[in-house]
Structures are given as structure tokens and as C-alpha cells.
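Visitor: What follows is each chain in one-letter form.
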Amino acid sequence: MIWNPNKECMSRDERSALQGKRLHKIVEYVYHNVPFYRNKLQEMDIRPDDIQTIEDITKLPFTTKKDLRDNYPFGLQAAPQSEIIRVHASSGTTGNPTIVGYTRKDIGVWSECMARCLTAYGVTRDDIFSVAYGYGLFTGGLGAHYGVEHLGASVIPAGTGNTEKHLKLIRDLGITGLACTPSYALYLAETMDKLGIRKEDIKLRVGAFGAEPWTENMRKEIEERLGLKGYNIYGLSEVMGPSVSYECQMQHGSHICEDHFYPEIINPTTLEPLPAGQTGELVFTTLTKEGMPVLRYRTRDLCSLMPGTCDCGRTEVRMGRIEGRSDDMLIIRGINVFPSQVESVVLSMPEFAPRYMLVVDRVNNLDTLQVQVEIRQEYFTGVFDTPAAVDQLEKKLATKLKSVLSIAAKVQLKAPNTIERSQGKSAHVIDRRKL
Amino acid sequence: MTVHQLSIFIENRSGTLIKVLEALKAANIQIIASTIADTAEYGIYRLICSEPMRACEELKKANVAVALSDVFALAIDDKPGRAADAVKTFSEAGISIAYMYSFLLRGKGILIFRTDDNEKAVKVIADNQLQSINEADLSELA
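Residue numbers (numbering that gives the first Met the number 0), protein chains in the order written: chain A, 0 to 434; chain B, 0 to 141.
I should point out that these hints are in silico values taken from the structure, not numbers from a laboratory.
Virtual Cβ for every residue (Gly too), placed ideally from N, Cα, C.
Please note: incorrect hints may appear among the correct ones.
What the hints assert, rightly or not - Simulated pairs of lysine-lysine, DSS-like, Cα-Cα distance not exceeding 27 Å: (1) A:219 <-> A:193; (2) B:87 <-> B:122; (3) A:198 <-> A:228; (4) A:395 <-> B:59; (5) B:59 <-> A:394; (6) A:433 <-> A:395.
To be verified - Pulled from the structure, derived: some chain A residues nowhere near chain B, Cβ distances all over 10 Å: (7) 20; (8) 34; (9) 51; (10) 104; (11) 218; (12) 263; (13) 310; (14) 320; (15) 381; (16) 382; (17) 383; (18) 386; (19) 397.
Taking the hints into account, I'd like the entire structure generated from these sequences.
Guide: In C-alpha cells, the structure reads:
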């Protein structure tokens, strides 16, 4: 099934023409509404009229996470605040989150893309669909929620946590669709086993899984244990949210909503565009966004693009699985975590030496984050003669970390000079998850 | 009335305890009594030793997280029920004991403990004429 055949199946030429027209318009729009882009374009001696076709995109400057940070909170917003009806936020690389404002039209486009995605999975108005992504600043919950409503299926805003109650609803309501992180899907399966609920007892048939990397093996396991077909969904708040791309019944690459988000693959070092099929950094330009459009936003996700018509009939280019990152970002329980965020918190507390280690693991299919820090000798005073005092200090850091990272981290205090001095960025992370 | 106690942060990892003990050995420090308050991830190693100030400095040099705290030390007769009697006087005065350990020294039982109200504890010890010992007594006894 195809939600919008006019857009999803348009011919290559037709789509290129549409993309070119929209690119010109968006460049003109940001030129007049976002000083950051106007200055950049003027520095490069580019006027909006220089951008007429989609091929002209390579003349445009890139946008990075750092640009979003430097213009915190609303510096890259193009629409006046009165037009913004929703704001989401994702992790920044340090203390400040990345703020993204959406106009009513943006929410409409997002819901449309989400409906395309769900339809590609085979979801219809007859489905009962549970959204078990986090509701809140994270785009997963509300993004999927609006899509299900737009499609016309019944949405169950389950959110995260409260797994047993959720499973009861899945069984009792005959829920047929599920959106969550793949690791949470496995956790659901585990909880089912514990509660003695068999896959024959439930009616789940479609899963929209994303927000973290997963493998074919995980897909097989989820499909087997929950008795459904599991599909990949991809998105990022800087571009829109979930449904920037999604798999179809073929389960072979995720179709990008190309009429709204134009993808490029570049060499992350030279920034040169790479030919189709080669793996490089994924870059997106929003072609229709009003709230916070981005030109050539560097996602840092490494993958390749597959052009050509899919067996499902869609002509939209597909992206392969995310093969890695060109920075040190971690995805933990679906939430983006940068080691630099942890660093900023550790440095703000004089009790700790400026050394730290993130230990990421997966226990019972749930990601765990442990932050190791060293107490400074001069702060280890006589009050630390009981574990209660140590626990209190650990808790103080854990509370601060939670507010910055949006996920809970377990703090482990280490003796002075026991954490290896870092030799580079990755030396701050031990990732024990086996994907 | 009080003696110095070393409180040492020790991770639950093999090799951490021996590092502390080796450093004390190298500095020729005598351990008089010790106890470990252990948790799942680390322990607080509390010890009474000879020359606690110097011991503390030596351990710091060895990169050990160590601190000095003052703890009460009472000498009691080495007979059944004496510890109960001593603790009861604090309990009746409404003072809580945070932790306690004991050892024998020259036929006397020594109770080491910390309370939640040191000022009040000092008064209770004086009022009840409990036999407290200090740093000098310890080294003499040792």
C-alpha cells in the first residue's frame, strides 16, 4: 500500500524538478529570514537566484550540530515565534540541548511522512497502534502519535516504562501495531516470557523500530518472539523526527521522503559528495520546512544510498543501515548521548578530577550507562568514613547527569588516578554492547 | 577521648587493598585495628594505626583516597555485657552510633565508634566516667 503515490512514485525527472524548485525557494526563504544563513551565503558570494536546480545544492554551505549550538536557542529559526506551534529538543554536544521549532505546516508534513511510513508497513485505519517511544521533548513519541492519528488508526499513547501494564493492554485491546526502540521490543518479549504471555495470546503484527542502531539478527529475534514484522524507521529532530525515511514490505533499505528531505552522502573528511552506493556521511537539506529549515545538515550518520525503483513501486531513494558515526555520539535507550555532555557536568563539580569514562552495556536487552569518575584527593575528607557519604556524592552527580542527558546514569566513584588519561575522544567510552 | 581513624576508599577490584597495605608496610606503620564497610562496588576501609598523620600523608603520596576522622575510643573490661553497658549509656542519652568496631589491647576491650552528636557524646563520657583513651594511650598500649 502506498499513502501518496503522486509523491512516493513520481519519476526521477519529475522529482528532480520539484526538488530544484523547492530548493530555490528554501534558500530564498532562509536568506531573508535567518541571519546565520544570509551571512554564510554572502560570504560565499551566493545569491538565492544562483540556486535553480537540485544539482546546485553542492554550492551551498553545510550546517553542523555546532552551528545549532552556537545559535542556541532560536538563532536558526526562520519563522516568527507566533507561527511556531511546537518545540522539540534533542541532546546538544554540551550542556545546551538542540531546540527545534515546528510550524503548523511542519507538523502537517511530518504527520504526512509518518502516514506514508505506516502505510508502507501495511498499517491501515483498522489497526490499533501503540506508541511506546518517549513522549516529551524527544520527537519519537509525539511524532509517531500524530502520524497514527493522521492515518486514521487508533493510537495508544503508551509511552515508555510500565511494561507490564503495556503488555496487558497489548493483549486485552488486541493491539496490532507497535512503535518503540528495537531494544525495548526485545525487553517486551522478555517481560512476556516472565508473565507467561505467549505470542499466540497477542495480535501484534507490525512494528516500527528505530531511534537506535539495530541488526538483522535483532530483527529476526524480535519478529520471532513478538510474532510481527519489524520495520526500520529513521529520523532526527534537526531535520524533522521519525519518518525521514522508512522501510517498505521489501525490508531492503529505508525510503527517504525525498520531496521534503533531500539526502546527500559526503566524505566526512573532504566534504566532497560521494557517488551512489558508497558509504559516507548522510547530509540532509529540508526542502519544505518553515520552522527551522536546515541546509545540508551533517547528520554524522554513516550509510550509503540506493537509487532506483524499489519492488514496492516507490521511486524514492533508499538509505542502507546506519553503519556508524563520524563523531563520538552514542545512542543509549534511543537517546543521543555525547561524551562531551558528561564532561561538562563532571567539570562543573570540583569534587571530581577532570577524567571520566562512560561504560555502555546492554543488560536484558536494555542499555545501561555507567559513568566512572575519580574523586579528588583534597575532596576526600573525614566525612567519607561511611558509604552513605560516598553514595550521596554519587547521587549528586547522577542527578545532574540525568538532567543534562535525559537518561539515568549509574555513577561509579573511582580512586584518584585510576582512570586512564584519554588519548582521544573514543578513549572516554567503553561500549560493551554487542550489536 | 578521641583517636584518629584513617578512612580509605577502596574499589572492589583485586589489587586495591594490597596497594594500601604495601604503602603502610613501606612506611613502617603498625595497624592496630581495622574494619571494612563494604558495598557492592567499593569499600570504606577504616583503620586505627600508629602515627596516623604520617600514615595519611604516605597513603596520599601513593594516590590513595584517604582521610582522617576523629572517632571515640573507650576502654572497657573484657567481660560479657560490658559493651552493652557502654552503648546503653549513649542510647539512653538519645545518641545514635553510626558505626562501631572493637579490638583487644593489653587485656582491655577497646570500642571505636562514631556518633551522630559528638558534643553530647563527650558529655555522656564525662558524666558516666567512662574510660576513654586517646592517641597517646594507644601508642603506649601498643
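Visitor: Regarding the pair residue 198 of chain A and residue 228 of chain A, is the alpha-carbon distance no greater than 27 Å?
Guide: Judged against 27 Å, a Cα distance of about 13 Å means the pair holds.
Visitor: Non-interface claim for residue 20 of chain A: all C-beta distances to chain B beyond 10 Å?
Guide: Non-interface label on residue 20 of chain A holds, nearest chain B Cβ at 60 Å vs cutoff 10 Å.
Visitor: Taking the minimum C-beta separation from residue 104 of chain A to chain B, is that value above 10 Å?
Guide: Label holds. Min Cβ-Cβ 52 Å, cutoff 10 Å.
Visitor: Does the alpha-carbon distance linking residue 59 of chain B and residue 394 of chain A stay inside the 27 Å limit?
Guide: Holds, at roughly 25 Å.
Visitor: Are all C-beta atoms of chain B more than 10 Å from that of residue 51 of chain A?
Guide: Nearest chain B Cβ is 62 Å from residue 51 of chain A, so the label holds.
Visitor: Does the claim that residue 383 of chain A lies outside the interface with chain B hold up, using a Cβ gap greater than 10 Å?
Guide: 6 Å, violated
Visitor: Please settle this one: residue 386 of chain A was flagged as non-interface, so is its CB more than 10 Å from every CB on chain B?
Guide: Contrary to the label, residue 386 of chain A does not stay out of reach of chain B, its closest Cβ about 5 Å off (not over 10 Å).
Visitor: Given the hinted pair residue 87 of chain B and residue 122 of chain B, is their Cα-Cα distance within 27 Å?
Guide: Holds. Residue 87 of chain B to residue 122 of chain B sits at ~15 Å (cutoff 27 Å).
Visitor: Does the claim that residue 263 of chain A lies off the interface hold, with its Cβ farther than 10 Å from every Cβ of chain B?
Guide: 47 Å, holds
Visitor: What's the verdict on residue 395 of chain A and residue 59 of chain B, does the C-alpha distance respect the 27 Å limit or exceed it?
Guide: Roughly 25 Å separates the two Cα atoms, so the pair holds.
Visitor: Is it correct that the beta-carbon of residue 218 of chain A has no partner in chain B closer than or equal to 10 Å?
Guide: The claim stands: residue 218 of chain A keeps its Cβ more than 10 Å from every Cβ of chain B (closest is about 35 Å).
Visitor: Taking the shortest Cβ-to-Cβ distance between residue 320 of chain A and chain B, state whether it exceeds 10 Å.
Guide: 36 Å, holds
Of the hints listed earlier, those the structure fails to meet are numbers 6, 15, 16, 17 and 18, in rising order.
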